[in-house]
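A.B. asks: Chain residues, written in single-letter form:
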Amino acid sequence: MKIKKISENVYEIPKEGKMLVPGIIYASEKLLESIKQDKSLEQVKNVAHLPGIIRASIALADAHQGYGFPIGGVAAFDLDKGIISPGGVGYDINCSVRLLKTNLTKKDILKKQKIVVEQLYRKIPSGVGRGSKFQITKDEFKKILKGGAQYMVKKGYGIKEDYLHTEEEGCMKEANPEKVSERAISRGIGQLGTLGAGNHFLEVQYVDEIFDEKTANILGVKKDQTTIMIHCGSRGFGHQVASDYIKKMENEYGFKNLPDRELINAPVKSQLGKDYMNAMAAAVNFAFANKQLITHWVREEMKYIFPNVKVDTIYDVCHNIAKFEEHIIGGKKKIVCVHRKGATRSFGPGRKEIPETYRKIGQPVLIPGSMGTASYLLIGTKKSEELTFGSCVHGAGRVKSRSSASKTLRGEEIKKQLGKKGIEIRAGGWKSLAEEAPEAYKDIEEVVRVVDELGISKKVARLKPLAVVKG
Amino acid sequence: MEKKFEFLEHTADIKFRAFGKTLGEVFENSALAISGIYSKERKISLKSKKKISVKGRDRESLLYNFIEELIFLVDSENFVVSKAKVSMKNTSLTAEIYGDDVKNYTDLDQIKSSTYHEMYIKKTKKGWEAQVVVDV
Chain A
1 MKIKKISENV YEIPKEGKML VPGIIYASEK LLESIKQDKS LEQVKNVAHL
51 PGIIRASIAL ADAHQGYGFP IGGVAAFDLD KGIISPGGVG YDINCSVRLL
101 KTNLTKKDIL KKQKIVVEQL YRKIPSGVGR GSKFQITKDE FKKILKGGAQ
151 YMVKKGYGIK EDYLHTEEEG CMKEANPEKV SERAISRGIG QLGTLGAGNH
201 FLEVQYVDEI FDEKTANILG VKKDQTTIMI HCGSRGFGHQ VASDYIKKME
251 NEYGFKNLPD RELINAPVKS QLGKDYMNAM AAAVNFAFAN KQLITHWVRE
301 EMKYIFPNVK VDTIYDVCHN IAKFEEHIIG GKKKIVCVHR KGATRSFGPG
351 RKEIPETYRK IGQPVLIPGS MGTASYLLIG TKKSEELTFG SCVHGAGRVK
401 SRSSASKTLR GEEIKKQLGK KGIEIRAGGW KSLAEEAPEA YKDIEEVVRV
451 VDELGISKKV ARLKPLAVVK G
Chain B
472 MEKKFEFLEH TADIKFRAFG KTLGEVFENS ALAISGIYSK ERKISLKSKK
522 KISVKGRDRE SLLYNFIEEL IFLVDSENFV VSKAKVSMKN TSLTAEIYGD
572 DVKNYTDLDQ IKSSTYHEMY IKKTKKGWEA QVVVDV
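Protein chains in written order, with the working numbering: chain A, 1 to 471; chain B, 472 to 607.
No wet-lab data here; the hints were simulated from the structure.
Note that the structure is predicted; figures quoted are calculated from it, not measured.
Backbone N, C-alpha and C fix where the C-beta goes; we use that ideal spot for every residue, glycine too.
There may be inaccurate statements among the hints.
What the hints assert, rightly or not - Okay, derived cross-link-like pairs now, PhoX-like style, lysine-lysine, Cα gap no bigger than 20 Å in a straight line:
| no. | chain 1 | residue 1 | chain 2 | residue 2 |
| --- | --- | --- | --- | --- |
| 1 | B | LYS593 | B | LYS474 |
| 2 | A | LYS160 | A | LYS173 |
| 3 | A | LYS107 | A | LYS310 |
| 4 | A | LYS107 | A | LYS214 |
| 5 | A | LYS269 | A | LYS111 |
| 6 | B | LYS556 | A | LYS256 |
| 7 | A | LYS247 | B | LYS474 |
| 8 | A | LYS39 | A | LYS2 |
| 9 | A | LYS415 | B | LYS593 |
| 10 | A | LYS133 | B | LYS574 |
| 11 | B | LYS556 | B | LYS492 |
| 12 | A | LYS382 | A | LYS112 |
| 13 | A | LYS248 | B | LYS526 |
| 14 | B | LYS520 | B | LYS556 |
| 15 | B | LYS492 | B | LYS560 |
| 16 | B | LYS574 | A | LYS123 |
| 17 | B | LYS492 | B | LYS593 |
| 18 | A | LYS269 | A | LYS81 |
Said to hold, decoys possible - Not close to chain A: a few residues of chain B, all C-beta gaps over 10 Å, as computed:
| no. | residue |
| --- | --- |
| 19 | LEU503 |
| 20 | SER516 |
| 21 | ARG528 |
| 22 | MET559 |
| 23 | GLN602 |
Chain B extracted, bound-state conformation:
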């Protein structure tokens, strides 16, 4: 199986790369990485579902805003992501977010924010790749 995402070294924060055949898949795999950060790479169950729509001014800001939305759900609705199904259209997207109530997990990590630091989204031979640093 192709690698969906990987974590990289970063002094204070957490850096990851997400891969995909399409840009939508990169966003879905970014959601998996975010889930992995919250859960410390354990499984979050798929008990409930939420629909979100996100807009950006370019690809990077769309990814930034998408991650921010996932963080927003934790703080405001106690909902932590497990995985996402993303439909992209230019610099906006709609997504179904599957996840669970944070109260069912005693030991979640915190993410303060998405950042633009060292962020990129690029086309590769195999498809697409994105890099994100989140402030934790």
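Bound conformation, chain A alone:
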């Protein structure tokens, strides 16, 4: 494949054949080499074939192979000529990250590290088959799909600031529970307030280093402070919504002309396109509500251990989502349909979508590292609006397959290594630990260095883990 270096950290796959736009990769040479190891770049090319795509098919520094669209991919589509695709969002709709801050310090946690990890593990169901204690009727479930985190707060599970500090204020207005199948509801109804398995986690961290004192102050973050990160998505509910609409779109449009069956899509303005947006938004709200309930339980548990603790939401960002957003296209403001799959929104200062408290500085961007490594708090920029439709990376990005990771890395060994670094961990089993080992991911430091250098987000603080709960 032809790849042209445009400038430092910017590479292009030139337009050829039926590609409508070029592919652009924002990565360092080192990360590009790792991205080349799988089919990510072929997938970037495939996305460039889709009708109505604007400017470029984009892959970010953490890109790896997905199904249809690459993970770490961004693509924007014209509302009249363009499409919306479940494969451009991913099966785990609104897989997302929430960062909480506390009035505790690293020292407070170190004194009670084991209790903290045990209590959180017991309180918040994780893994497969540890269903939710939160039992609800179907009617109530549909209200949650409509109201997201806002509805949960109204019911007493949290405070207003939680959803005000969440993308979309914790509720996508496009949601319509009537566009969701009974199958999806029966998969999701028992899963509210559960972490799930795989790469999802709950982590108690401390602020290891501050890079931008002024911004950190506004976000209420200082060195050695304790933070808590929640990473999870829309569980079986969202997976079923994605699967349902892939099938519906296949039946309506067929897939013969597509380079990959997973690229199935519908015109944005078609009935099916609108229906998918309504159903996807319901899954987005489910994920917001899920994290809201987990936040509530984290508060309860932390209060039990530290009676004077205060836990506040810094921000909550979506990773897998399609949204209608205003961007400058050819010098003019225009609403487009932005797909972010394994990518974080990273709007710069001034956008009305950013909560008032942060509007002057830009949107907080949260990048979780792999298990046992650092995570980052960054701030969105105008530059990202120019380059990547206001998007940034979502994590370190895998380099090793799960099976090869668990073949070469033993869970017991990893727990020991983490223990040496002072990290307490509680996981469903040894093997899931091995599959998520730090060695299975790209280097988060390199990924963050590149986005900071490109200016699509700027570093604010580095967070390091103290206690980890995994599915």
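Model the placement of chain B on the given structure of chain A, informed by the hints.
C.D. replies: Chain B alone, transformed into the frame defined by chain A:
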């Protein structure tokens, strides 16, 4: 004994190939692979049985829907597959699914969804072969 299925390398997800003399056997062996993913290649007991019927628009979508049904049983009925007995008819099938309550296992993996990514079903010299990537 002939190989029933095998796992292959894939960066983020899990890829497997299932083999069989008949198409039905490929589906049965795909169910074994799914069981192996959930259980991390340990044994799930055959404590209970469920009957399912699945339809597709072609062979691939039938396999996709069959796997989706197995995942659906985990999320909605807490039932994890051990093995399956499949009767095929064109692009529909009925199957008896043997398995157990997920609560009897502390360390199961999760499967988010079946996918069409790199999926194929083809005739080979020995019979049939299918390849599937599941999102985990």
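A.B. asks: Look at each hint and say if it fits the structure.
C.D. replies: Results of checking the hints against the structure:
A distance of roughly 16 Å separates the Cα atoms of LYS593 of chain B and LYS474 of chain B; the hinted pair therefore holds under the 20 Å criterion. A threshold of 20 Å between alpha carbons decides the hint, and for LYS160 of chain A with LYS173 of chain A the separation of about 17 Å falls inside it, so the pair holds. Simply put, LYS107 of chain A and LYS310 of chain A have alpha-carbon atoms about 16 Å apart, close enough for the 20 Å limit, and the pair holds. Proximity of LYS107 of chain A to LYS214 of chain A is assessed by CA-CA distance (about 24 Å); at most 20 Å being required, the pair is judged violated.
Between LYS269 of chain A and LYS111 of chain A the alpha-carbon distance is near 56 Å, which puts this suggested pair outside the 20 Å criterion. With a C-alpha separation of about 32 Å, the suggested pair LYS556 of chain B and LYS256 of chain A falls outside the 20 Å cut-off, and the hint is violated. Distance check on the hinted pair: LYS247 of chain A and LYS474 of chain B sit about 31 Å apart at the alpha-carbon level, beyond 20 Å; violated. For a cut-off of 20 Å, the pair hint linking LYS39 of chain A to LYS2 of chain A stands: about 14 Å separates their Cα positions.
Taken as a hint, the LYS415 of chain A and LYS593 of chain B pair is broken in the structure, with Cα atoms around 43 Å apart against an allowance of 20 Å. A distance of roughly 14 Å separates the Cα atoms of LYS133 of chain A and LYS574 of chain B; the hinted pair therefore holds under the 20 Å criterion. The straight-line distance between the Cα atoms of LYS556 of chain B and LYS492 of chain B is roughly 14 Å, inside the 20 Å bound, and the hint therefore holds. The suggested pairing of LYS382 of chain A with LYS112 of chain A is violated, with an alpha-carbon distance near 42 Å, which exceeds 20 Å.
For a cut-off of 20 Å, the pair hint linking LYS248 of chain A to LYS526 of chain B stands: about 14 Å separates their Cα positions. Taking the CA atoms of LYS520 of chain B and LYS556 of chain B, the gap is near 10 Å; set against the 20 Å cutoff, the hint holds. Between the alpha carbons of LYS492 of chain B and LYS560 of chain B the distance comes to roughly 16 Å, so the proposed pair stays at or under 20 Å and holds. At most 20 Å may separate the alpha-carbon atoms for a hinted pair to count; LYS574 of chain B and LYS123 of chain A meet this at roughly 17 Å.
Between LYS492 of chain B and LYS593 of chain B the alpha-carbon distance is near 12 Å, which keeps this suggested pair within the 20 Å criterion. The suggested pairing of LYS269 of chain A with LYS81 of chain A holds, with an alpha-carbon distance near 8 Å, which does not exceed 20 Å. Every C-beta of chain A lies more than 10 Å from that of LEU503 of chain B, the closest at about 16 Å, which supports listing it as non-interface. Once the 10 Å rule is applied to beta carbons, SER516 of chain B is consistent with being away from chain A; the minimum gap is 14 Å.
At roughly 7 Å from the closest C-beta of chain A, the C-beta of ARG528 of chain B falls inside 10 Å, breaking its exclusion from the interface. Annotated as non-interface, MET559 of chain B keeps its C-beta farther than 10 Å from every C-beta of chain A; the closest such distance is 20 Å. Look at GLN602 of chain B: its CB is around 13 Å from the nearest CB on chain A, clear of 10 Å, so calling it non-interface holds up.
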